[in-house]
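Kindly produce the complete structure, drawing on both the sequences and the hints.
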Amino acid sequence: MAQKILAVHPERCTGCEKCVLWCSFIKSKVFNPARSRIHVIRSEPYVDIPMICIQCGLCMDACPIKAMNRNPKTNAVVIDEEKCTSCGRCVTACPYGVLTLDPVTGKAIKCDLCGGDPECVKHCPKKVLYYVEPNKAAYLRRLMEYGGAISIGRKEPIGPPERL
Amino acid sequence: MVLGGFAGTILRINLKNKKIIKEPLKEDQARKYLGGPGLATKILFDELKPGVDPLGPENKLILTAGVMAGTLCEGGGSWQAVTKSPLTGLWAAARSGGFFGPEMKYAGYDMIILEGRAEKPCYLWVCNDLVEIRDAGDAWGKPVPEAEAIIKEDLGEYQARLAIVGPAGEKLVRFAAIMNDLCRAAGRCGVGAVMGSKNVKAVAVRGTKDIKVNDPETCRKALIEIEKAVRNNPLYALYAYEGTPAYTGSLNAFGALPTWHDRSGYFDRWENVSVEKLRRNYLVKARACQACSYGCERYSEIKSGPYRSPPMGGPEYETIDLMGPYLRIDNLEAITRASYLCNIYGMDTISTGYMIAFAVECFEKGLITLKETEGMRLSWGDPEVLVDLTEKIATRQGIGDLLAEGVVRVAEKLGKNAMDLALHVKGLEQPGHSPRAIKEMALQYGTCNRGACHIRYHWVGNPSMFKATSGMEAYGLPDPSNISPLDESKEKAKIVVVCQNCGNVHEALGTCLFHTSSPNGETGLTIKRFAILLSALTGWEINDQELVKAGERLFNLERAFNIREGVRRKDDIIAKRWRTEKLLNGPTEGAVVENYERMLDWYYELRGWDSEGVPRKSKLLELELDEVATHLENSGISLKE
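Chains V and P are the protein sequences, given in the same order.
Counting from 1, position 47 in the first sequence corresponds to residue 47 in our numbering; the numbering is continuous, with no gaps.
Here our numbering runs 1000 ahead of the position in the second sequence, where the first position is 1.
Just so you know, the hints here were simulated from the structure itself, not pulled from any lab data.
Hints may be right or wrong, so weigh each one.
[Said to hold, decoys possible] SDA-like cross-link-like pairs, simulated, lysine to any residue; straight-line CA separation at most 25 Å:
no., chain 1, residue 1, chain 2, residue 2
1, P, 1619, P, 1636
2, V, 122, P, 1155
3, V, 29, P, 1212
4, P, 1026, P, 1215
5, P, 1142, V, 45
6, P, 1152, V, 41
7, P, 1228, V, 107
8, V, 122, P, 1216
9, P, 1152, V, 46
10, P, 1365, P, 1299
11, P, 1212, V, 119
12, P, 1120, P, 1145
13, V, 107, P, 1159
14, V, 127, P, 1232
15, V, 66, V, 28
16, P, 1212, V, 30
17, P, 1490, P, 1576
See the structure below:
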């Protein structure tokens, strides 16, 4: 079975930042969007897009002390905080701006897929985020492009109005 | 022990001498008044002398977020502006959603107190420990979206969240709003005019600090339970898929949709302003405030035609009613355009819509003439009048300059019998819930501390109309299943007292009331769930009864503020039309509030107030408001035992 991936349907996002707050709460035991591993772009007139880490691994190659490794179980790139020297090269390397330095500890922080059970996915009220096998993700994407708002695991339509 | 939930600091900014003081939040005070908004009322009571001019430098404007703001509690995107209102001259608090409140707490502040008046137009920049008073420059005079862009450019910080006033606030329109996130408004009571009077264009905040949690594991469990309950709430579908405009249809079917300057509770062309029409034709997106599962905010766009308006939040239910059926207008495009104008100029859509209706009726009765309107005929059902007057009020041009003063001042100026036509309580204009169709709403309008208000503190329209209890049975709410909305019984007084006490809890804790309304006690954010979450966040051992008690304490504190300003029984009496004229057509035809004074007597009795509406000394002592009682007595107000 193929490894699951984290994917998004930004069309449905209402920008509530629940994913952001759950991430900071689970990982750091506090509420602080600046310490989250997922970020939501809110832009006008009405753009809300969750920015997620796609585990591409560019940060891993950029790390001068090899403090990052791929978790074989989840395929996520994980930082060894003990080793991290806060040099910030991984932040420079990240093309999506989802890898940041923690404003409190100074260490690099990034999505580790919560060990295979992402909290952001569990709490997203509009099913914007989902954690499925790649081909299932592709199928859902085709449906989204074709039919607008569809629901995953729910009977009623979720999120954007019928026109979208 | 960590005191979680709170940011822990109060920021006090004196605009005159540019002094910036950071005071630690006192834990005992925070607990007694349930944090931010409640504590702000206490600060206002302590620091404002009675009789100060709301638009003068002595008035203070407090921007504050409750303990739940910025946490994952549903509806935690709330913040409030607490001040003395230029519309009513009394205590006022206006709530808004969005992201400003949480950001203020991430910057490390539970409240920002603005004192004095700046010499030149300025804006404030609060970024963690950095606090600056900066020149407003080009932003002054600009509509909200433009001004926000200018300020963000000036700061070079695009992640900043702004609470900002538009031209209406600068021009001291007495019902101007403070806007945040472009279309979220702390709308009622004219808090925007207070900010404008201080020469402050905006407060920009950005923060990267923690909101700590005392007991993360209990907190996590409580949050999951709340999330589940909210998503199982039968109202979830309503707010998530339709938003507040859905109430247009349901209230109309009930005969409680104020129409034609509240002569009727039923609008025959309601389908033209229904949620279906809005959704099919103009809706572009649903958006949410921070940490909200619903996402009830509706973005609408009118792409072409005379009422073209770019995508912007709204219109909400209240806007649709006050700018639609209330004026007998069934043109949703014009309503959306007027709502857009209110957003960019920063005005309360309820009061704006009301003032236009009042002007039309005065024109009809000959109290306003063609000379004053500069040749414009004001008539019912004319969308041109709506859009034109909205713009004129915001910029104070022509007749707009008069209407911007609010209904009481306009009626006084017009003289004759204009005051009989004014539908307000304590100077605050009527919102979109008919007090004659739902009698507890009449009592709520009369007794709410900020005037005719449908939303502070709980959805009082709910219990007898929707047969909903929202879990308030435990605190004395009578079973609504056998109570008709049209009853004027003692039960109605009881409903209002309980709803006001319970509602004050979520207002003070800093969440949105949409999560607390629910047809039964099992779903939604109940007071019990608040108590569990609050205990986990702060480490206090607090239970639901204590919370409700604190809610009652706050209500009496607000009342004490108003008592000091001279409010008595006479100010709790609702408008003449509601007491004497019958509703014209629809399901509630013929309804009128007959026994208002008797309901008020029952209400005072249940509240522990004397027949003039002054809290008894024993009541204040029971609520641990000893110093408030002493203060009132020292100011020459005699309290009955």
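Hints and how they fare:
no., hint, in the structure
1, P:1619 x P:1636, "18 Å, holds"
2, V:122 x P:1155, "36 Å, violated"
3, V:29 x P:1212, "7 Å, holds"
4, P:1026 x P:1215, "20 Å, holds"
5, P:1142 x V:45, "18 Å, holds"
6, P:1152 x V:41, "16 Å, holds"
7, P:1228 x V:107, "34 Å, violated"
8, V:122 x P:1216, "18 Å, holds"
9, P:1152 x V:46, "18 Å, holds"
10, P:1365 x P:1299, "38 Å, violated"
11, P:1212 x V:119, "19 Å, holds"
12, P:1120 x P:1145, "21 Å, holds"
13, V:107 x P:1159, "22 Å, holds"
14, V:127 x P:1232, "16 Å, holds"
15, V:66 x V:28, "23 Å, holds"
16, P:1212 x V:30, "5 Å, holds"
17, P:1490 x P:1576, "22 Å, holds"
Going through the hint list in order, the structure does not satisfy hints 2, 7 and 10.
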